[in-house]
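Asker: Going down the list, the sequences are from chains A, B and C. Under my numbering, think of the first position of the first sequence as 1, with each following residue one higher. Under my numbering, think of the first position of the second sequence as 355, with each following residue one higher. Under my numbering, think of the first position of the third sequence as 486, with each following residue one higher.
Bear in mind the hints are in silico, worked out from the structure with no lab data behind them. Glycine included, every Cβ here is placed at the ideal spot set by N, Cα and C. You may find that some hints are simply not true.
Claimed, not checked - When the alpha-carbon atoms are kept at most 20 Å apart in a straight line, the in silico PhoX-like pairs for lysine-lysine are as follows: (1) A:75 with A:175; (2) A:351 with B:423; (3) A:347 with B:423; (4) C:755 with B:423.
Claimed, not checked - Label-pair restraints from in silico Cβ distances: (5) C:739 with A:339: 41 to 49 Å; (6) C:604 with A:33: 43 to 51 Å; (7) C:739 with B:451: 24 to 32 Å; (8) A:135 with B:470: 47 to 55 Å.
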Amino acid sequence: MKPTSDVVISGWGSYIPLYRITVEEIARIWGKSSRHFRDDLLIDEKAVAGMDEDVATIAVEASKNALSRAKISPKELGAVFVGSESKPYAVKPTGSIVAEAIGATPRVLSADMEFACKAGTECLQCSIGLVGSGMINYGLAIGADTAQGAPADPLEFSAGCGGTALIVGQKEKVKEPVALLEGSVSYVTDTPDFWRRPKQDYPSHAEAFTGEPAYFAHIISSTKMLLDELSLKPSDFKYAVFHQPNGKFPIRAARSLGFKKEQVEAGLLVPYIGNLYAGSSVTGFSAVLDIASPGDRVLVASFGSGAGSDAFSFLVDDGVMSKRDVAPTVMDYIKRKQNIDYAIYTKFRKKIVF
Amino acid sequence: MSVPRYWREIPGRTRLEAQKCSKCGHVIYPERLRCDKCGGVLLEPYTLPEKGKLLTFSIVRSPPSNFVKMAPFVLGIVELEDGTRITTQITDIPVNDVSIGMSLEAVFRKISEDGDSGIIQYAMKFRPAFR
Amino acid sequence: MRRVAIINYGLTKVDKHWKKSLRGLFGDAAKAALNNSKVTNLDALIIGNMCASDLSDQNNIGALLADYLCITPATAFRVEAACGSGAAAVLAAYTAVASGMYDVVMTGGIEKLSDGVGRDTTLSLGKAADAEYELFYGSSFVSLNALLMNHYMHIHHTPRDAFADFAVLMHKNGSKNPYAQLPFEITREMVLRSDKIADPITLYDCAPVGDGAAALILCPLEEASKYSDNYVEISGLAGATDTINVSSRSDLLSFNSTVIAADRAYKMAKITPRDVDVAEIHDTFTITGAISLEDLGFSEKGKFNKLLAEGAFEPGGIVAVNPSGGLKSRGHPVGATGAYQIVEVAMQLMGDAGKTQVPDAEIGLAQNIGGSGSSTFVTILRRSR
Chain A
1 MKPTSDVVIS
11 GWGSYIPLYR
21 ITVEEIARIW
31 GKSSRHFRDD
41 LLIDEKAVAG
51 MDEDVATIAV
61 EASKNALSRA
71 KISPKELGAV
81 FVGSESKPYA
91 VKPTGSIVAE
101 AIGATPRVLS
111 ADMEFACKAG
121 TECLQCSIGL
131 VGSGMINYGL
141 AIGADTAQGA
151 PADPLEFSAG
161 CGGTALIVGQ
171 KEKVKEPVAL
181 LEGSVSYVTD
191 TPDFWRRPKQ
201 DYPSHAEAFT
211 GEPAYFAHII
221 SSTKMLLDEL
231 SLKPSDFKYA
241 VFHQPNGKFP
251 IRAARSLGFK
261 KEQVEAGLLV
271 PYIGNLYAGS
281 SVTGFSAVLD
291 IASPGDRVLV
301 ASFGSGAGSD
311 AFSFLVDDGV
321 MSKRDVAPTV
331 MDYIKRKQNI
341 DYAIYTKFRK
351 KIVF
Chain B
355 MSVPRYWREI
365 PGRTRLEAQK
375 CSKCGHVIYP
385 ERLRCDKCGG
395 VLLEPYTLPE
405 KGKLLTFSIV
415 RSPPSNFVKM
425 APFVLGIVEL
435 EDGTRITTQI
445 TDIPVNDVSI
455 GMSLEAVFRK
465 ISEDGDSGII
475 QYAMKFRPAF
485 R
Chain C
486 MRRVAIINYG
496 LTKVDKHWKK
506 SLRGLFGDAA
516 KAALNNSKVT
526 NLDALIIGNM
536 CASDLSDQNN
546 IGALLADYLC
556 ITPATAFRVE
566 AACGSGAAAV
576 LAAYTAVASG
586 MYDVVMTGGI
596 EKLSDGVGRD
606 TTLSLGKAAD
616 AEYELFYGSS
626 FVSLNALLMN
636 HYMHIHHTPR
646 DAFADFAVLM
656 HKNGSKNPYA
666 QLPFEITREM
676 VLRSDKIADP
686 ITLYDCAPVG
696 DGAAALILCP
706 LEEASKYSDN
716 YVEISGLAGA
726 TDTINVSSRS
736 DLLSFNSTVI
746 AADRAYKMAK
756 ITPRDVDVAE
766 IHDTFTITGA
776 ISLEDLGFSE
786 KGKFNKLLAE
796 GAFEPGGIVA
806 VNPSGGLKSR
816 GHPVGATGAY
826 QIVEVAMQLM
836 GDAGKTQVPD
846 AEIGLAQNIG
856 GSGSSTFVTI
866 LRRSR
């Protein structure tokens with residue numbers, strides 16, 4: 001897919017909460033070994049939202065960082081999309097909270113997107129469409145989650161908190177473009193590998209079925225489609241970011257597509273912060289923009305259970321250099337951390353009911 | 355808290371929108387009918403700076419009922435870069451590490467929830483400046 | 486304007502009066518005030534109260550109490566200025582009598598805090614602050630005052646012990662007061678080791694939660710001798726306000742409402758702080774007492790602890806402060822507190838103060854604060870015997 005007029009990233013920004021819990025600490029509670037999580041799935045610890053944080057607060061901080069880098073007034077935003085599977089309200093948009101808090105209201109389109117872990121890139125696709133068609137000048141696409149795994153479930157070891165905001169604009173109107181969108185694809189089938197029914201606190205999953213038929217089938221297919229459409233090959237990319245539910249999956253997907261480990265590593269954040277769900281692939285992309293140079297080509301491929309994958313190719317532009325230091329980088333947030341024990345974790349994540 | 359009460363204060367509490375006296379330049383927050391310094395009646399819209407220093411604080415261990423789940427937390431008065439003072443919570447820091455004079459920055463956070471079915475209330479808190 | 490006298494008074498012990506209702510408890514104080522007086526008719530009842538609508542589901546307590554006292558159809562209404570409600574009611578009653586509109590007016594205060602559980606009481610008392618810009622953020626009456634105490638200690642380098650010593654003096658005084666809620670002595674260590682509530686405030690820095698009622702009968706000074714042989718004149722009084730939001734004040738360590746109200750009351754009474762023999766000041770927390778001592782002109786700024794250590798606030802010193810034990814030991818029945826203070830000062834001047842009597846007290850002052858310094862009422866009484 002390609003918009004009729006060129007679309008660029010004009011600003012990017014992320015946010016990771018302060019708190020971390022290690023896989024050892026979670027394993028200690030349930031009498032499990034942390035070896036599988038640390039050695040096979042490459043997760044050391046995950047980011048945990050504080051008591052006063054949720055997807056709206058994460059999205060606002062990420063958006064403010066993105067606005068600083070985009071160097072635009074929030075009033076110039078024509079759309080604010082929030083993609084998440086952990087919305088603060090079941091009914092009531094998160095997007096309106098974010099749009100109001102950053103000062104983008106009232107002349108703005110806003111909506112919440114849900115497609116498990118690909119909701120963030122869905123927001124990006126929609127923003128690209130609106131900007132590329134000329135309907136709006138700038139669109140804000142946010143992927144953020146405060147995902148929860150059920151206590152003792154393998155997902156409890158990986159479900160992290162955080163998110164990223166991307167601002168897209170029309171190429172001819174953005175003074176310092178960060179990255180040019182070369183093209184994108186979306187690939188969707190009905191594959192129920194992971195879900196959460198209404199009124200349930202925690203998601204359910206089909207265990208190993210989440211792998212081959214779900215994650216790998218979709219993310220590999222979308223990436224192949226994109227490469228075909230753009231006549232590109234893996235070696236044309238400096239960086240590749242795949243959705244990262246753990247460290248193993250994106251590295252294996254990359255390898256089977258012909259990407260090298262070095263191309264994936266820069267955007268691989270799951271060892272430090274866990275799986276950010278809708279924030280996962282976009283935060284990986286954000287971390288790449290934090291270090292990329294003009295001329296670098298970046299692949300971003302999300303995966304959302306249920307299931308689908310969006311894939312994008314970006315060509316990094318000069319703006320990445322001038323805008324980088326305007327806001328904290330993903331690594332700044334990763335380094336700013338405070339480890340908590342499981343007792344505080346249960347308090348923060350509302351697992352104590354009274 | 356009732357929805358209208360929360361809703362009408364959103365600009366002041368989440369975007370730190372205030373007033374500035376066009377006569378003496380004094381910043382008025384929260385809003386008033388006239389300048390509380392010179393009595394001037396011409397007030398223009400003004401947005402407070404998001405950085406400041408901690409003037410004083412307290413570690414709250416016996417909070418009002420809708421804040422019990424958050425205890426202990428730090429309540430503080432922040433003196434912003436323009437001299438305006440604001441009462442709010444200090445977050446993202448162990449309560450025993452808070453000190454008078456520390457540099458702070460505003461963060462949009464959840465303040466409280468009206469139970470499990472009511473609205474969620476957001477506003478600015480301050481946290482240690484980290485960058 | 487006519488000069489106004491206090492001709493009689495009634496108090497209940499500050500306590501948790503489980504068996505007494507709002508009307509029953511005030512009835513006890515009113516009955517005591519009417520006993521031994523020649524008053525046969527009350528023209529009006531002006532009553533201070535803060536929390537009845539929250540904790541006892543009762544508004545319109547003017548009518549409630551007039552009905553209970555069987556003084557209908559007398560004019561009756563409630564005055565609310567948070568913890569300053571009691572003295573605010575006395576001010577309203579004073580103006581009613583001084584203006585000539587009413588002759589004999591009963592005033593005072595009533596509070597039934599024990600009708601609510603702790604969380605309701607905390608919330609109700611917190612309403613003295615700015616609901617949208619203070620309470621919204623999880624602050625409470627205690628934590629807002631803790632902000633002041635931390636700031637005071639930081640600016641003046643005052644040791645924590647000094648605040649504890651103020652509480653010790655209050656309990657020493659209150660141990661002799663039959664109306665006190667906590668009539669026992671404490672030590673500095675007990676204050677320092679008590680539970681942390683909102684750092685640096687610990688439990689023994691705080692006034693206790695209790696019920697109480699106080700009643701006073703006012704009439705024109707020139708008619709006072711018709712009703713009583715022993716009466717006092719209200720020789721000066723004033724109310725003043727400051728920003729509702731503590732953080733809006735340029736100086737957090739001064740209650741401008743107290744400075745202004747005291748200045749006006751001193752001028753009206755034609756006295757200076759040095760002339761005051763006995764003062765009942767508003768020590769909701771030890772920090773509130775410290776700031777009040779300074780703002781009333783009894784101590785230089787930041788020096789209360791030095792004078793405290795020298796005994797300046799005890800009989801024979803600069804001024805006898807809170808012989809009742811103050812809010813800390815006598816108790817703090819919120820909307821009635823100001824009325825207690827004025828009654829206690831009147832008792833001192835009438836020579837009725839028993840074991841807490843300050844010898845030869847001629848001029849007394851009561852300072853009653855609403856909120857964290859946002860309202861203050863200062864009332865000055867002069868002996869008339």
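Asker: None of the hints should be skipped; say for each whether it holds.
Answerer: Against the structure, the hints:
no.: 1; hint: A:75 with A:175; result: holds (17 Å)
no.: 2; hint: A:351 with B:423; result: holds (11 Å)
no.: 3; hint: A:347 with B:423; result: holds (8 Å)
no.: 4; hint: C:755 with B:423; result: violated (53 Å)
no.: 5; hint: C:739 with A:339: 41 to 49 Å; result: holds (44 Å)
no.: 6; hint: C:604 with A:33: 43 to 51 Å; result: holds (44 Å)
no.: 7; hint: C:739 with B:451: 24 to 32 Å; result: holds (30 Å)
no.: 8; hint: A:135 with B:470: 47 to 55 Å; result: violated (39 Å)
Violated hints, in rising order: 4 and 8; the structure is consistent with all others.
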